[in-house]
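Protein chains in written order, with numbering that gives the first Met the number 0: chain Y, 0 to 590; chain F, 0 to 590.
Don't read these hints as lab results, they were simulated from the structure.
There could be a bad hint or two in this list.
Since the list gives no way to pick out one identical chain from another, each pair is judged satisfied if it fits inside one copy or across any two copies.
Below 27 angstroms or equal to it, Euclidean Cα-Cα: the simulated DSS-like pairs (lysine-lysine) are [what the hints assert, rightly or not]:
1) Lys323 to Lys223
2) Lys223 to Lys327
3) Lys61 to Lys71
4) Lys542 to Lys6
5) Lys184 to Lys145
6) Lys331 to Lys223
7) Lys486 to Lys501
8) Lys327 to Lys501
If you want the building blocks of each chain, they are given just below.
2 protein chains.
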Amino acid sequence: MSSFYSKKDLFFQLFEHLEVENLNRYPYFKDHHQENFEMVLDAAEQIAQKSLYPLLTEMDRKEPILENGKIKIHPRMKAIIRQFGKDGWINATFPYEEGGQQLPWSIHLAAGYILQAANYSASVFPFLTTGAANLIRTFGNDELIKRFTPSMYSGEWQGTMALTEPDAGSSLSDITTTAYPTSTKGEYRIKGQKIYISCGDHDACENVIHLMLARIEGAPAGTKGISLFVVPKIIPETSLPNDVLTEGLYHKMGYKGAPIAHLMIGSNEGALGYLVGEENHGLRYMFQMMNEARIGVGMNAVAIAQAAFQASLAYAKERPQGRKLTEKDLSKPQVPIIQHADVKRMLLLQKCVTEGSLALLLYCSKLMDESTHESEEINKKQKHALLELLTPIAKSYPSEMGLQSTSAAVQILGGAGYTQDFPVEQYYREARIHPIHEGTTGIHGLDLLGRKIFLNDGLGWKMLHQHIEDDLSTYQGPEDIRNQFEKGWNLAQNAAASLLQKAQEGPEIFLADATLFLELCGIISVGWMWIRQASLSSMNMKKENADTAFYYGKIETARYFMEYEIPKISALSQRLHSTSYPTLDMRDYWF
Amino acid sequence: MSSFYSKKDLFFQLFEHLEVENLNRYPYFKDHHQENFEMVLDAAEQIAQKSLYPLLTEMDRKEPILENGKIKIHPRMKAIIRQFGKDGWINATFPYEEGGQQLPWSIHLAAGYILQAANYSASVFPFLTTGAANLIRTFGNDELIKRFTPSMYSGEWQGTMALTEPDAGSSLSDITTTAYPTSTKGEYRIKGQKIYISCGDHDACENVIHLMLARIEGAPAGTKGISLFVVPKIIPETSLPNDVLTEGLYHKMGYKGAPIAHLMIGSNEGALGYLVGEENHGLRYMFQMMNEARIGVGMNAVAIAQAAFQASLAYAKERPQGRKLTEKDLSKPQVPIIQHADVKRMLLLQKCVTEGSLALLLYCSKLMDESTHESEEINKKQKHALLELLTPIAKSYPSEMGLQSTSAAVQILGGAGYTQDFPVEQYYREARIHPIHEGTTGIHGLDLLGRKIFLNDGLGWKMLHQHIEDDLSTYQGPEDIRNQFEKGWNLAQNAAASLLQKAQEGPEIFLADATLFLELCGIISVGWMWIRQASLSSMNMKKENADTAFYYGKIETARYFMEYEIPKISALSQRLHSTSYPTLDMRDYWF
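From just these sequences and the hints, can you work out the full model?
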C-alpha cells in the first residue's frame, strides 16, 4: 500500500485524544459507537486507495478541457462521484429522515481527510455538493429541498458555491450580480458574472446546482442587500438549459483535476434562480455555513501536507546518502538520510505541523458537533464561542504552515523532489491554494482580531484561556515541554493584552498586524494541542501492550514544537508590542 | 514595458551603494568606467526585453521533449544563445587575450540578474557555458583551451557541470563514474551515469561540453580520488558522436524551458574524456569555482523573486478591492489594494528580501573582483575570507526567503495569482529549485558552521564583525533602525558564542542546528545591508534634485526589516542556546 496518511495517528486523535465515540451521549448520535466510526473510516480508506490515489498524478497531467462551452473532466470521475453518492458520503451528517446517517462532522471530516490526502482534486466534488445541499436543506423551503437535494445526495448533480465576481473577491459586499423578480413568487431572472467557481461546470454530473449570491434589484448596498439563490445549470422539470454559460476554464498551479469555471449568468433572457430563505439574508446564511467550510479547507491543507510528509518519510528511510558526521571511513556504506539531524528536523517539522493541525481541526469538528447538539444553553454558547474563535486559526495555520511543511518534503527529496517522478512537487503546488480560498489569510486575521476576539464579550478568548490553563494544570508529560510552552503562552497573553490596548487608537493601527496575531494564535493553539498529546502519550504509554514507539514519537515531536516553533512567539510578540508601523507609514509611491 | 526588475534599484546598488565604478583602480579593470558599465546593463535589458521576457510563459507551457535520444528545446533558443555568444556575454569577464572584455564579475552578474529576472530558463544556458569554460581556461592546458573554449564563447557549443550521480548527490565523495587511461596521455575512456545535468543535451547548440567529475581507475576513495574531465558530446576533430547517451529528460516543477538530462556515459566503448589539470584534483578545481556558481544561484533566486515582486506591485496598484477600514460608506468606490496594510506588508516583505539580497550578492560579487585583483596580500586574504564566509549565506538566504517572497506575490494576487493568467504562479514554481541545487540549504549550513567559521583562524567571521561595527559607527540614518538592528546583532553574537562552545561536545551536537545558524546569519547579513542602505539614503536624499521618494522608500523598507525580520533572531537564538536536541534524540522508528 502507498501510504498517504497515518491511520494510527488519525485513530489516536479521534479515539484517544478527543474520544469522539462519546458523542453518542447526544440523542442525534445515539446509534453510533466507535466500531461503526471505524467502519466509516475504513470505507473511506478503501475508496481512497482503490479509486482516488491511483488517479492522483493522472488527474494532474491530463487537465480538464473546455470544448464548445462544456468542461470535460477525467472520465473516471463520473463513477467516483456516483459512488460517493451511492455510499451515502454526501449527506452522511444529515438526519435520517433526509436519507442521512446522522454521522458526526468529526467523523465525516476525518473520512474526508483520508480522501483529500489520497487525491485532493477528486475530493473537491462531493465536498462542495455537501456544502451546497446543506444550505438548501437548512435555509430553503420544502419545495427547494425536494426539487434539488435528492439528486445532489445521489451524486447525479454537482453543487457549487457561487460567490466571487470580477470586482468582488475578498470584498463580498461589492457583488453586483442582480436578480430581477418574475411573476412567480420566489423565482428570479439573474444577470451577472461569477468567477473561480469550483466544479462550476463539468461532464461527470447531469446538472450543476449553484448556490449563488446576488442582489435583488433595488436591494440596499453592501452586505445587507445580498440574497441567496439556487441557480441550476439545467431546469430539472423541463431538462432545458438555464441561461448559465461557461465562459472560461482557469488553468491553475495545482489540483488541476478539479475544474474552476468562469460563468456568465443570464447573458440572454436571464438565468432562472430560486430564492433561498428570506430576501437580503444571503450572506448571513453563507456565513452560518462558513465554520464548516473553513474547517474543511484547513482539513484539505493538512491532508495534502500529511501526504507529502508520508512520501518524504518513506524516501528518507530508503535513500542512502552521506555518512554520520562522526564517520570518517569512506569505505563504509552510506546511511539512509533519515539519520541526518537536518533531515530529521525537516521530518519533525512536518510531523508537528500536520499532526498538530489535524488535532486542532478535529477538536474544532468536535466543537461543531457539540455546539449543535448540546442541550444546556451555557455549554452550547461556550462551545460555539470557542469554535468561532478557533475557526480562522484552524483554517489559516494548516494553510500557511502547510506550505512550509510540503516545502520541507520537497527539500528532503532534493533534486528528485523537484521532478514529476515523485508526488511531492504536485503536493507543493496543490498546497498553495489554501491560504487563498475560503478567505485569504489576511481576511482571517481581520476576522480574528477585528471580530472574533470581541464576540460575546470575548467569550471565545476566555474559553481558550480557560481550556489551556486547565490542560496545563492536569498535564502529565515531561516538564521541559510544559515550561517551554508556558513561556510562549505568557508572551502571547501579554502581546494580546498590549494589542487590545491599541484598539483605542483606531482600526488602522489596531489591525495593522492582524495577520501576525493570527500567526501567533496559530502557534499557541497548535502548541496547546501538543501539550494535550504529550500529556496523554505520557500516560498511555504506561498501559499494558502500549505501542511505546508511537508515544515516544509523539512526546519528542511535542518537544520539537516547543523548541523550534514556540520560540517564534518571541519574535511575533516583539512586533505586536511595537509602536512603529512601517506598513501604515509606507507610501504607495515609495515602492 | 513590462517591468520585471527595478533598474533604479540595481543602479543604486552598483553605483551609489557599492561604487563598483571604482574597481577601475585595479589594472585589470583600468579601461572601465561607470558609463560603459551602464551600457553593458542597458544591453542586457535590451536582450531581456526583446528576446527573453516574451518567451517566459511559452517556454514554460511548451516543455522540451526527448525524441529518439535527442532533446529538443524551444526553437528560438538557438538564436538567443548565439546572440549571447556574438555579443560577448559568455566570456565577458575573461582577459582580453582570450577574447574577453575584462569585465568585473559585479557587472557581469548584475547583467545576468536582468536576464534571469526576464526569463530564468533562458538565462541558464550561457551561465553554464561560462562556468564550464572558466574551469577549462583556469585549470586546463593550452590544448584543451584551444580545442574547446572558442566555440563555447561563441555560443555554438553548450557547457555543463556534470557532477551528480544516482548514488552521489549531496555526497559527492561517493561518485563512482570511472575513467580508464588510454594509450594517449591525458585521454581516458569514461563509464558511468550522470543525473540532473542542466542543459545536458539540446538541439540549440552543435556540441555539448561536459565538465565531468570521475574517478581514475584505482584512485583513492572519497573526495581525494576525484578528477575533472572534459567530455564532449561530439568529438570536435572527427565530428563523430562520443559515447554519451541521453537516457532521460526530467519533467520539473518549474524553469521547464531549460532541459535537465540523465546521461549514460560510456555504455559502449567508453566515452572519451580529457583530463583537466592534475589527477585527483577535480573536486578542488570545482570548489574553486564554487563561490561564483553559488553567488550566481543566489542571484537567480533573487531575480525570480524580484520579477514576482514587480508583478505583484503592479497588480496591487491597479486592482481595486475593499475600502479603508475607516470608510463605512459603501457607495464610495473600492480602493487599490496597495492601500491595505496587509498588502503593503507583503510588498514590503518582498522589497526587503529582494533588494536586501541583491545588495548582499553584489557586495559578494565585488569581493570576488577585489579578492582576485587586490595586490596587497593582507587585503586579498581578508576580502577572500569574508567572501568565503558570506558565500553560503548569499546563496541560501535569497533561495529560502525567495520562496516566501514569491509566495507573498501569489497571495497579493489572490485567486488570480494561483492561475496561469499571471506569471506569479510560474515564479513560485521556478523559485523552488534554488534551495536545492548548487548545494542544498542543509549542506550550506554545514559548510558555514562546520568549516567557514573556522577557516583561517576565523578571519571571515572577524571581518564580518568588523565591517558591521564600522558601518554602525558611521551610520547616518534614523536611530530606531540602528537600535533594532543592534538588538538583533547582539543576540546573534551571543548565540554564535554559545554555539561555538558546543563544538567541544562533538560534531553531532555542534552541527545539529547548522541550518538555523545559517538562517540567523542570513538575517544579520541582509540586515547589515539595510543598515548601509538606510544610512546612505538618509545622506543622499539631502542632495540637490534627489529622488526623495526613492530614498524614503529605502528607509521605510529598512525599518520594516528591523521591525518584522530582525525579531526572528530572538527565536533563532533561543533555539541555538538550548541544550535540548529533539532532532538528535528522535529515533527513526518513532516517526
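Checked hints:
In this assembly of identical chains, the alpha carbons of Lys323 and Lys223 lie at most 27 angstroms apart only when taken from different copies (19 angstroms versus 64 angstroms within one copy). Only between protomers do Lys223 and Lys327 lie at most 27 angstroms apart by alpha-carbon distance; the minimum there is 13 angstroms, versus 72 angstroms within a single protomer. Taking the closest pair of Cα atoms, Lys61 and Lys71 come within 27 angstroms of each other both inside a single copy (11 angstroms) and across two copies (22 angstroms). In the homo-oligomer, the alpha carbons of Lys542 and Lys6 lie at most 27 angstroms apart inside one protomer (20 angstroms), although the nearest pairing across protomers, at 67 angstroms, exceeds that limit.
Taking CA atoms no more than 27 angstroms apart as the test, Lys184 paired with Lys145 passes inside one copy only; the shortest distance there is 17 angstroms, against 88 angstroms between copies. Taking the shortest alpha-carbon separations for Lys331 and Lys223, only the inter-copy value of 16 angstroms comes in at or below 27 angstroms, while the best intra-copy value is 72 angstroms. For the homomeric pair Lys486 and Lys501, the shortest alpha-carbon distances inside one copy (23 angstroms) and between copies (24 angstroms) are both at most 27 angstroms. Within a single copy, Lys327 and Lys501 get their C-alpha atoms only as close as 58 angstroms, which misses the 27 angstroms cut-off; across copies the closest is 20 angstroms, which meets it.
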